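Model the full assembly from the supplied sequences, consistent with the hints where possible.
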Amino acid sequence: MSSRITASLRPVAALGRLAAVISICMTFCGCGLAYKNSLSRDGFIVYTNDGPEFLQRTCVRIERIYTCLSEVFEIPRPFPWTTRIFLDGRADGLLDYSYNPDLLGYYVPFLQMIRIDSRAAASNLVSDLDQVLLHEIVHHFLVSELPGISGKCWLNEGLAGNLEVGIIDDKRAEFPLLNPVLLKIARRELAGNKEESQLRDLLRSDWKSFHDEKTREKNYALSWAIVYHLLEAELPAELPLKARINRIHAMDEETITALESRWRNNILKLDVVEKLGELARESAPGKRLTALWAIQELGRSRGFNVRRSLAILTKLFDDEASELREASYVAFLELLSNNPQMPFLDPEKTGKALTRLQSVIADREAKPRLRALLVGNIDHHRTLKKDWIPLLIETLEDSRPMVRAAAAGALSKMAAKPTIVSPLFWTNASIEERSVEVGEWKRWLAARGSH
Amino acid sequence: MRASSPLRGFSIPLIAISCLAGCGTIPSYPLRTSWPQKDVVVASISLSRKLDVEEYRRIATAEALKFFSAPSPSNHPVYEVSCDFFVKEKAGDTPGRVARVKVSTLLPGCEDLGKLKLSLRSNTYIYY
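Residue numbers (my numbering), protein chains in the order written: chain A, 1 to 451; chain B, 1 to 128.
In case anyone wonders, no lab produced these hints; they're calculated from the structure.
Do not take every clue at face value.
What the hints assert, rightly or not - Computed beta-carbon distance windows for the label pairs: (1) B/S34 to A/F344: 32 to 42 Å; (2) A/E74 to B/L65: 30 to 40 Å; (3) A/W207 to B/Y127: 29 to 39 Å; (4) A/P109 to B/L118: 34 to 44 Å; (5) B/S74 to A/E63: 24 to 34 Å.
Stated by the list, open to error - Under the rule of at most 27 Å between Cα atoms (straight-line distance), these lysine-lysine pairs were calculated in the BS3-like manner: (6) B/K115 to A/K36; (7) B/K102 to A/K417; (8) A/K36 to B/K117; (9) A/K36 to B/K50; (10) A/K269 to A/K315; (11) A/K413 to B/K66.
Only a predicted model underlies this, so the values are computations on that prediction, with no experimental measurement involved.
C-beta atoms are modelled at their ideal positions from N, C-alpha and C, and glycine is treated no differently.
Take a look at the structure:
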């Protein structure tokens, strides 16, 4: 009897075992089977449906993030854990203006799993894939290194908001901590609620109330703001970042709440352009990446900040460090592109700065990469009275191939005459072939002048 | 790097069923061309409905390969093909641009189709 029952139940039991094996696989592989490509490195595995080139590129970026965070948190290699990172959404070469979901990424501590909506991150206007990756990976390091931080949403999100603006190059990383987007939101919240105490509720909020759809944005911004205040204004700057983070983690609620008025004053008087200007002028070797980042951020200024950013950037044109000077040229051009009204706000300064840039482009001794970069960035400036076309036509005969190719690209966007755009033509074609095209441009320019 | 996932096999019957049912197929579309540069063409494609990203890319790549395989009207090897997709939301409306796929080649004028395909670079923009 019993053997018959066992026999009849055998297929059911086998199916059950199969289901159990599949669910275990799905849980521990994090549904990795559903992805086309994966790549494994020390500390993480990345899964994506994008192509191998995108995967390789992103893996290099993630590896740099892991390396610099291991230095901040002083974790020896090889890492004692492996995070699974899922990049959803086919982001390579895609900018989708119609796609704007609320969630760019999340980290699940229990499964050591990060999921990034790479399509949303790539299409988001205020952050990019690197920033979202850094934010989520910081969560992983925080949860691994600071026991109990998952229960302190303000600290977990506040630290991720501070560290997500990390600037990482091939060799090292710097964390300016300043987050211009979150600062703007935090200042708006604090200025709008001058009497109301904000800190106590923030510090006590659990996961559900912190991530409530209506207040989530405010909570993220205020959490960044309080952590920024503690790291920058309350704790000694000479302490390493990890030590400061540990001290904040050890602080009790009462101590932090007592700092409410100092925190408010500090954040409300924190002027983003002034602070970026201060960071942009940093000359210490350990702050070079921060200075370059600050210059880039000044180039992205909008609204009331544009005129002051212009003044800071044009001052940096005379900086001793060539790297900062060159970054300020490019940021200045970006500022012009994004703010067509700017030349009329300060015509004298703008005019002088443009003359300076024209002289750099025309200077055959200047770095070819810089000249090509400047030429490539002037193509949007249709609102300016400066006539760039004669200079660009002259540049088509430059001895440096990349500068010629950039000039052809700029002319294709600025002048009414069709041209050959292909960089291969401007870098590899014979001088005779190029002369035909340049001759056509010169005749066109002469005819334009005579009209 | 891991090869294709075993689960990808499931998509083949799904595609076959979709094709048999007539969904997911793109009917032939009107295409207009203009040559803003000697080696750059803009192909405007009118569609009856919005498609997904992969379909825009597939159409643009197929169209681009046709242009890359022949010289431009001014007899220059084609460097870039920009496919603009337009959809008319309602009858009587002006068609609106819903997507743009820019496909360029690192080897303009290359006659080897295999090498040409490998040299393609594309950027896709989806608009509201």
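Run the structure past the numbered hints and jot down the numbers of the failing ones, going up. 2 and 5
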